[in-house]
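**Q** Sequence:
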Amino acid sequence: MMTPRVALVTGATQGLGLALVQGLARRMNAADTVYLTGRDATRVAQAAETAQKAQAASAGQTAAVAPATGARVRGEVFDVADPEAAARLAGLLRDRHGGVDVVFGNAVMRIGPADDPGAIVDTYTQVNNFGTTRLMRAFAPLLRDGGRLIVVASSLGTLHHLAPVLHDRFDGLTSLEEVDEQVAAWRDAVKDGSARPGAWPGFINIPSKIAQVAAVRALAEQRRAEDARRGILLASTCPGMINTPTSALWWDVSGAPTPDRAAVPLLDLALGDADPAYYGELVRFGKVLPWRP
1 MMTPRVALVT
11 GATQGLGLAL
21 VQGLARRMNA
31 ADTVYLTGRD
41 ATRVAQAAET
51 AQKAQAASAG
61 QTAAVAPATG
71 ARVRGEVFDV
81 ADPEAAARLA
91 GLLRDRHGGV
101 DVVFGNAVMR
111 IGPADDPGAI
121 VDTYTQVNNF
131 GTTRLMRAFA
141 PLLRDGGRLI
151 VVASSLGTLH
161 HLAPVLHDRF
171 DGLTSLEEVD
181 EQVAAWRDAV
191 KDGSARPGAW
201 PGFINIPSKI
211 AQVAAVRALA
221 EQRRAEDARR
231 GILLASTCPG
241 MINTPTSALW
251 WDVSGAPTPD
261 RAAVPLLDLA
271 LGDADPAYYG
281 ELVRFGKVLP
291 WRP
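Everything in the sequence shown is counted per full-length UniProt numbering, starting at 1 for the first residue and increasing by one.
Everything hinted at is true.
Pair by pair, the computed Cβ-Cβ distance ranges are: (1) His160 x Glu84: 28 to 38 Å; (2) Lys53 x Pro113: 28 to 38 Å; (3) Gly272 x Thr42: 31 to 41 Å; (4) Val77 x Ala277: 34 to 44 Å; (5) Ala185 x Ala57: 45 to 55 Å; (6) Ala277 x Ala119: 33 to 43 Å; (7) Lys287 x Asn29: 23 to 33 Å; (8) Gln222 x Asn29: 26 to 36 Å; (9) Arg43 x His167: 30 to 40 Å; (10) Ala228 x Gly172: 15 to 25 Å.
Hint data in this document are derived by calculation from the structure and do not stem from the laboratory.
We put the CB at the ideal spot given by N, CA and C, even for glycine.
All chains should be built: construct the whole structure from the sequences, respecting the hints.
**A** Okay, structure coming up:
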């Protein structure tokens, strides 16, 4: 008998994260569990109820009846900015299930054009960057054979978008600790203003996404041989432009896909056969985006 599968999505109370939960629940089996996580207990409960209703509707049942097909959706409070939360949740899932099969690192602090980078960069990096590396440290050891750990990043997360003088800050890093050190140095430069006259991009999303991809690359180098033997995929992914209120603050997204549509290639990556060429790379729409210019 197959072991029931377990999936986890961070930042899952709305948008792409919620779409990933709903997509996983549809594609997985009734014995499986999808964990919908977020930092606010009320929003987690509401989103889990929304996902369960959608799951029941897709099965042609009432919301009061558990779907006979598709995975169970279970809400858990998980604030990735809490330094202890990832290890705590990993221990909980290890005790309940023995391991995990799919992890989507999707939690993100969004910024608007009016936000002052120096004022928000502390919180921003705690969520987007240190939250990502803590998730990877906690959950990569729990991956079962054939498992997937996927960090939702961006096509901005390559060295093409960074001045060449800064490439060595993130290129060739060999540990998550080295990535965290570089993120901390960049964060401090944003806070004290020294990044502004330097070569750093003014849009703090760019170095943050580059650091996320660098973290995946660093962990992949440590795990590559063993993960290949066990059929595990570790990768970052770009979902492309998505029609959400936050994206609309920056760009015209009227023609962009909805979160449900944007989730499809990510779900294919998580649940389909993995091309070995994807391992440790940034994948967009089934293609690897080059890390270096």
